[in-house]
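J.: All chains should be built: construct the whole structure from the sequences, respecting the hints.
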Amino acid sequence: MNSHVRVEAQRSIPTAIDYKVYHDPEIFAAEQSNVFKGRTWCYLGLEAEIPNAGDFRTSHVGETPVVLVRGQEDKVFAWVNRCAHKGATVCRSLRGNQADGAFVCVYHQWAYDSEGTLVGVPFRRGMKGVGGYDKDFNPANHSLEKLRVESYKGMIFGTFSSEMEALEDFLGPVMRKYIDRVFHRPIKVLGYARQYMSGNWKLYSENSRDSYHGALLHLFYPTFGIYRQSQDSSGELAEQGFHNVFTVSKPKGDIDYTSFGDEANREMQGATKLQDERLLQFRPEIDDDVGLHIQSLFPNVVLQQIQNTLATRQIVTHGPDKTELVWTYFGYADDNEETTRHRLRNLNLVGPSGLISMEDGEAVELCQQGTIGAEGKYNFIEMGGDDVREYYAPMGMDENAVRGFWKGYLELMGDALSSSTVERPA
Amino acid sequence: MTIADPVLQGLVDSLNAAYGLCLDDGRLEEWPEFFVEDCLYQVIARENVDNGLPAAVMYCDSKGMLVDRVVALRHANVFPEHFSRHLISRAVVTGSDGNTVTAEASYAVLQTRNDGETRIYNAGKYVDRFLITDGTAKLVSRTCVYDTHRIATLLATPI
Ligand code: FES
Ligand SMILES: [Fe+2]
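In order, the protein sequences belong to chains V and Y. Just so you know, we're using full-length UniProt numbering here: the first sequence kicks off at 1 and counts up by one. Just so you know, we're using full-length UniProt numbering here: the second sequence kicks off at 1 and counts up by one.
Everything labelled a hint here was simulated from the structure, so no lab data went into it. Computed from a prediction, not measured in an experiment: that's the story for all the values here. Just so it is clear, CB atoms sit at the ideal spot from N, CA and C, and this is done for glycine as well. Treat the hints loosely; a few may be bogus.
Here are the simulated lysine-lysine pairs, DSBU-like style, with alpha carbons at most 35 Å apart [claimed, not checked]: (1) K188/V <-> K63/Y; (2) K138/Y <-> K273/V; (3) K188/V <-> K75/V.
FRET-style restraints, in silico, Cβ to Cβ [to be verified]: (4) G154/V <-> A17/Y: 44 to 54 Å; (5) T339/V <-> H75/Y: 23 to 33 Å; (6) T112/Y <-> G370/V: 45 to 55 Å; (7) G370/V <-> T136/Y: 46 to 56 Å; (8) D115/Y <-> P284/V: 27 to 37 Å; (9) R92/V <-> T118/Y: 23 to 33 Å; (10) D24/Y <-> S162/V: 51 to 61 Å; (11) H213/V <-> R27/Y: 28 to 38 Å; (12) D115/Y <-> R283/V: 22 to 32 Å; (13) S106/Y <-> H85/V: 35 to 45 Å; (14) R46/Y <-> V119/V: 58 to 68 Å.
T.: Set out below in structure tokens:
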């Protein structure tokens, strides 16, 4: 690929992508370095998951295992979970508290502090003067691989890139405004669910940005006669194109949203009626009319508020056709028991068993299966136009944010993809 | 160790066997009938239970909500076509008080999709409370605590 073509690629907008991007192991490997370990901030977890000194949780950046730790001075650190001696996994638990702040590799007991710095090596001088490391051995050169860590409103991100701009700039003002909305007061974690899809991570990333499929794939609302067409929706993109947020609000002057369930059953003509309307009950708790907020932050997290469910969905890549979605559900720290129970009831709507969303897992797998052996064939992403706009509104019948994803992705991938991978409007 | 009343043991084991077969035969509409009206059914990750976290992937605190699940499954939800197969251990009766019996049983749900391969889909244990009336048991609450944290694709059919 010559440099002229590459400049062209960065300026124009993709409208069709070669299906091989979901299958090719070389592309997957290039994504690990250009996207996940490249010039991005990857979501690692929530501050609320590690509130106390010594608290840790394991996480991932793409396929790379990392550990997130809160140090003694309340600072959060992240390092690759790979011993600097022989590469063994250092931290073997999913989460916990390391009261003394030391992480010791079980294999030869190299010890690291919470920052990931090597602080102890057994028999460094050998035994009875025999063996041991050379006197030039400097533990400072054998620490765990450390990430830069920054957090915004309790969402922790890490980057491998030393020249990466500040997290706030990477997120940009539009994305920050919506993160502020969800994290307007302290939260508490309610639990986890993990979903393992036999599909490429980009299929899920497209899915969470795809406002076209909502009313077509997810048939829960129409099945129970709940018509959502009367509601206002809007979408906004960050400057790079690859972050987006989609919201649905009740229209001004319409019935009170708390009677959503009642409205549903009044409009119901067919035989199917919701037996327990508490499932859908919505108690507005943020100072606006938004009942659905889905925000995709490139490259690896979705932040959501759907009714009274709050969650992050972290994308972990386990191979070209294996993607894990880690759902972290939360509520607000001041929720009483009854409010928590209400959130649990609403949680039926989302997650791996979500009544309004479980289909996404199936859609990812169908696209993965359907594109086997389809190298040189292209998808078609021209719903709503062939450009990328910062704002889109009309009921989301638009693949604007999907094109935005590819625009940002392609800029990061650069030369790693051949020029024929993408088609653009003439 | 005390030996549970063989009658109670029989009632609980019979319910569990019928419950598994009902789901495996695809008789989903009959499934809510294993529960009393004011019931609780939840499917929750063991990692949440062990950490005192309440979030469940299914949380139905009325029989109506179970019915809603079944209707959604039949008419709304899209998921891989599959068969389920429940293997349920003999229950351990953990307590009884008047008409109420508590018990736990291990389960494994195997799943077979259109490719024909049978996979271990979800393994865990039932933590149950039963109401015994007129010689039959009904579930007041069933908590499916699953070890299989990594849910394959999605979880549509009740466990
Ligand atoms: S591999 Fe970790 S100490 Fe040897
Ligand atoms: Fe969806």
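J.: Hints first: check each against the structure and report whether it holds.
T.: Cross-check of the supplied hints:
1. K188/V <-> K63/Y: holds, 29 Å
2. K138/Y <-> K273/V: holds, 25 Å
3. K188/V <-> K75/V: Cα-Cα ~19 Å, so holds.
4. G154/V <-> A17/Y: 44 to 54 Å: For A17/Y against G154/V, whose Cβ atoms are near 47 Å apart, the range 44 to 54 Å holds.
5. T339/V <-> H75/Y: 23 to 33 Å: Holds: the Cβ-Cβ distance is about 31 Å, inside 23 to 33 Å.
6. T112/Y <-> G370/V: 45 to 55 Å: violated, 21 Å
7. G370/V <-> T136/Y: 46 to 56 Å: holds, 48 Å
8. D115/Y <-> P284/V: 27 to 37 Å: violated, 45 Å
9. R92/V <-> T118/Y: 23 to 33 Å: holds, 31 Å
10. D24/Y <-> S162/V: 51 to 61 Å: holds, 56 Å
11. H213/V <-> R27/Y: 28 to 38 Å: The hint (28 to 38 Å, Cβ to Cβ) holds, given that H213/V and R27/Y are roughly 32 Å apart.
12. D115/Y <-> R283/V: 22 to 32 Å: violated, 43 Å
13. S106/Y <-> H85/V: 35 to 45 Å: holds, 40 Å
14. R46/Y <-> V119/V: 58 to 68 Å: violated, 34 Å
Of the numbered hints given earlier, the model fails hints 6, 8, 12 and 14; all others are met.
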